[in-house]
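Q: Protein chains in written order, with my numbering: chain V, 1 to 333; chain X, 1 to 313; chain S, 1 to 261.
Some hints here could point you the wrong way.
Said to hold, decoys possible - Some chain X residues flagged as far from chain V (calculated, every beta-carbon gap over 10 Å):
hint	residue
1	2
2	74
3	90
4	111
5	161
6	174
7	175
8	178
9	205
10	265
11	288
12	292
Claimed, not checked - Here chain V is said to cover these stretches of chain S; the calculated rule only asks that three of the stretch's residues, wherever they fall, bring their Cβ under 8 Å from a Cβ of chain V:
hint	stretch
13	103-112
14	134-145
15	161-175
16	213-224
It is worth saying that the hints were derived from the structure and are not from the lab. Where is the CB? At the ideal position from N, CA and C, for every residue including glycine.
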Amino acid sequence: MGRPRLNGFRQRRWVALVVAGLLVLPAGIRDIYMIRVLDLAGLYVLLALGLNIVVGYAGLLDLGYVAFYAVGAYLYALLASPQFGFHLPFLLVFVLGGGLAALAGVLIGYPTLRLRGDYLAIVTMAFGEIVRILMNNLDSLTNGPQGIMQIDELGLFGYHFNTPLRIYYLVLLLCALSVTLVRNLERSKIGRAWAAIREDEEAARGMGLNTRNLKLLAFAMGATTAGVAGVIFAGLQQFVSPESFTFWESILILCMVVLGGMGSIPGVIVGSVVLVVLPEFLRTYEDYRMLFFGLALIVMMLLRPEGLWPSRRRGRELHESRVTPAAGAGGAG
Amino acid sequence: MGSLGILLLQQLVNGLTTGCIYALIALGYSMVYGVLELLNFAHGELFMLGAYVAIVILGGLALHGPAPLGILIGALGLCFIGGMFVSSSLGVVIEKVAYRPLRYASRLAPILTALGVSIVLQNTTMLVAGRRPWYFPHIFSSQTYELGGIIVTNLQLFILVVATGLMVALHYLVNRTDFGLAIRAVAEDKTTASLMGIELDRTISSVFVIGPALGAAAGLLFSLYYGVAFFTMGFVAGIKAFTAAVLGGIGNIPGAMVGGLLLGVLEAIGAGVLPIVTRGVLGAEYKDVFAFVVLIAVMVFKPTGLMGERVGR
Amino acid sequence: MSDGHLLQVEGLTKTFGALRAVEGVRFVVAPGQIYAIIGPNGAGKTTVFNLITGAIPATAGSVRFKGGEVLGRPEHEVTILGLARTYQNLRLFHNMTVRENVMVGRHCRTRTGIRDALFHTPRQRQEEAAIVEQATRLLHFVGIEEYAEELAKSIPYGSQKRLEIARALATEPNLLLLDEPAAGMNTQETADLIALIERIRREGRTILLIEHDMRVVMGISDQILVLDHGVTIAEGPPSQIQRDERVIEAYLGRRSVRGAT
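Using the sequences and the hints, build the whole thing.
A: Below is the structure:
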């Protein structure tokens with residue numbers, strides 16, 4: 001349970017201002033392309049919020065996060081396109097996508113979440129790659145490297161989200177929803193339990209916390225968020241291919257979380273928006289994008305591991321310079 | 001001997017060759033992890049650089065085709081030294097700049113930094129060398145030997161010999177010298193080792209000389225064997241080498257060797273057998289997936305590895 | 001509870017390769033007792049704790065708590081059954097506040113789940129308020145309520161030790177395991193600690209404690225178990241243990257066999 005940074009009133013006023021600003025933002029933008037960029041930024045906000053639960057709250061390094069994104073996207077691609085002739089409604093696939101991704105999260109998480117940090121990182125990376133290779137090679141199912149095209153537009157009760165502007169408001173709504181839910185989680189006893197696990201998992205277990213289930217919960221929730229983001233992505237682009245789900249995507253989303261601020265909702269939002277919008281203005285340096293991310297990771301970890309807009313608690317945790325190693329489950333005697 | 005038997009033995013030979021290469025890379029991972037409990041994600045890139053440096057040197061020597069033995073050995077020797085030098089120097093610098101400041105920091109920070117270093121190295125190479133693969137000059141005039149239906153090339157023998165030689169040298173270094181003793185002590189218990197007068201920083205730096213050197217050698221051998229070098233070759237090779245290290249037991253030097261060879265053999269046999277068993281449904285492109293599956297299986301069922309991990313405090 | 005015993009340890013053994021850390025330890029703790037385990041350093045005392053709570057797996061033996069076998073159960077389940085502990089070297093949640101540390105202890109005793117958390121339901125709000133209130137009460141009980149909003153890592157050592165006790169108490173244990181609670185405490189703090197342990201006992205809890213400070217041990221224990229090199233060398237009330245030759249030998253060495261006061 002974090003102490004609120006600003007007292008309730010002022011904080012709510014700021015939020016209202018930001019929301020109002022976001023609602024009218026498109027009016028001030030001429031270029032439809034920029035609105036598309038904002039749509040994508042919103043999608044990445046969703047993804048980053050989800051990964052933030054896994055990395056920021058539960059402290060689990062998932063380098064294969066993109067696999068869940070792919071699951072959602074391909075599910076919609078397969079169920080709402082000419083590929084197999086199914087044209088299931090968006091809402092249905094939205095729910096299915098979230099559910100399937102959650103299931104995948106539990107299946108992957110169950111055997112692996114007990115591994116220590118660096119092992120978990122590599123194993124999740126391996127899982128992510130396996131999913132991508134499968135998508136790339138199961139031609140009869142996924143059309144392989146060519147991808148699936150002509151995916152249905154997103155539609156809800158007859159209303160079609162077929163312009164970047166309409167999608168913008170849909171994405172904005174989903175982001176607002178996610179932010180609320182995630183914030184509630186953070187301030188609940190579950191958020192507190194995750195913080196305890198980050199601090200000292202052994203002691204958390206000793207205090208009666210079922211750490212395995214709590215970690216699985218974080219993992220599954222992150223997966224669900226990525227899954228539904230994937231569904232939206234497929235409906236937005238109306239085209240999916242394995243190209244969009246590489247290891248570098250996972251790293252990009254990770255950078256958003258880390259650079260913005262692990263465990264910090266505003267940080268993560270800022271991180272996503274900056275890392276999506278900024279490259280648009282630096283198109284000429286596109287080749288240097290990943291290099292920049294790598295450098296940023298190193299510099300941030302050395303100088304400001306808590307991110308640009310940190311959560312207070314994480315800032316404290318990450319700046320402990322000499323951590324007294326826990327002496328096992330008690331010392332000699 | 002049945003055709004399946006021949007296939008298996010052939011794949012065994014092929015597997016041992018690639019296995020040697022994996023073993024050399026795995027050793028670097030294992031040693032660093034044993035001493036720092038850090039997964040040096042950048043290790044794959046140091047492997048990759050060994051290949052690129054070799055190609056640069058051969059280009060500088062204007063060697064493009066098969067060369068007489070004396071020149072061949074000299075050139076390759078130069079490539080080894082050059083590649084090892086570059087990777088080792090980078091390794092030491094990386095440790096000093098990116099890892100040492102975070103030695104006592106949170107669990108996540110060093111992993112993320114290592115990831116960052118890996119990304120920087122990979123992308124710098126891409127920007128400097130271009131996205132398209134580089135081709136390794138065909139300086140090795142290929143000769144094949146046949147033994148009862150199994151084909152072995154002189155290149156494979158070369159790789160086996162060189163890799164074995166390096167591993168023997170490492171074994172000697174680690175087990176028979178004071179230097180190696182220091183490394184083992186630090187891997188076992190950093191605090192006690194430093195209390196005993198061992199200079200921690202210097203010992204750790206030396207691990208970052210040896211590990212990357214072996215990785216660079218592996219890169220050269222890999223590139224020589226497959227004829228190409230590409231800037232992403234460190235990624236998959238890195239995961240596989242990590243698999244090998246964990247398979248044998250992380251931090252365990254003989255374990256890394258065994259793990260590497262075993263993985264190479266398993267992978268080769270799997271790639272050979274998979275199309276037959278699945279009647280062509282799953283082909284050799286799933287070879288990498290095979291290695292990943294091995295990794296996941298090891299992590300889930302025996303994370304301490306076949307020969308036990310050796311990680312200290 | 002079988003035979004009225006809260007905790008029944010039988011043949012407890014733990015080997016690490018060739019090292020026999022604990023071998024054949026057996027003892028029983030009755031409800032309401034204060035039971036102490038003492039012994040020279042390295043005797044295996046904390047290992048016994050770790051085995052009982054499930055932090056490490058046992059090589060052999062049986063531990064029955066409230067009549068049910070507890071060995072082999074996951075650690076958090078053991079706590080939920082009513083067995084909580086503190087740690088010799090303190091394992092606090094350093095970057096959380098003092099109050100939050102205790103609130104974590106309430107986790108397993110509260111009902112709300114994911115849905116309540118996600119949607120911030122009235123039920124969750126009520127429960128959260130109750131958790132805060134209970135934690136505050138516990139801070140008061142152990143005497144560190146002044147530090148409630150401080151970070152756990154910045155309060156004085158003696159208060160940190162009491163915080164760990166408060167956190168363990170938050171899980172509503174029937175049996176509280178205290179690992180060297182008096183370590184590093186001065187005379188006044190030790191006296192306060194003894195008073196605290198008595199208060200805990202009066203609340204109806206049973207206490208199993210590891211301690212080196214003989215004032216504490218002899219002062220409040222009902223029964224003492226003496227371990228040396230992983231085996232039991234004596235068991236009995238304080239008066240008997242004080243005069244036991246083997247105990248004196250273990251602590252002071254073979255040659256000084258004199259009555260201890």
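Q: Look at each hint and say if it fits the structure.
A: Each hint tested on the structure:
1. 2: Its Cβ never comes within 10 Å of chain V, the nearest being 30 Å, so this holds.
2. 74: Residue 74 of chain X is indeed farther than 10 Å from all Cβ atoms of chain V, at 36 Å.
3. 90: holds (14 Å)
4. 111: Not fine: 5 Å to the nearest Cβ puts residue 111 of chain X too close to chain V.
5. 161: holds (31 Å)
6. 174: holds (23 Å)
7. 175: holds (27 Å)
8. 178: Residue 178 of chain X is indeed farther than 10 Å from all Cβ atoms of chain V, at 28 Å.
9. 205: Holds, since 18 Å exceeds 10 Å.
10. 265: Non-interface label stands for residue 265 of chain X: nearest chain V Cβ at 20 Å, farther than 10 Å.
11. 288: The claim breaks: residue 288 of chain X does not keep its Cβ more than 10 Å from every Cβ of chain V (closest is about 7 Å).
12. 292: violated (4 Å)
13. 103-112: holds (count 9)
14. 134-145: violated (count 0)
15. 161-175: holds (count 4)
16. 213-224: violated (count 0)
When the structure is compared with the earlier hints, violations turn up for hints 4, 11, 12, 14 and 16 and for no others.
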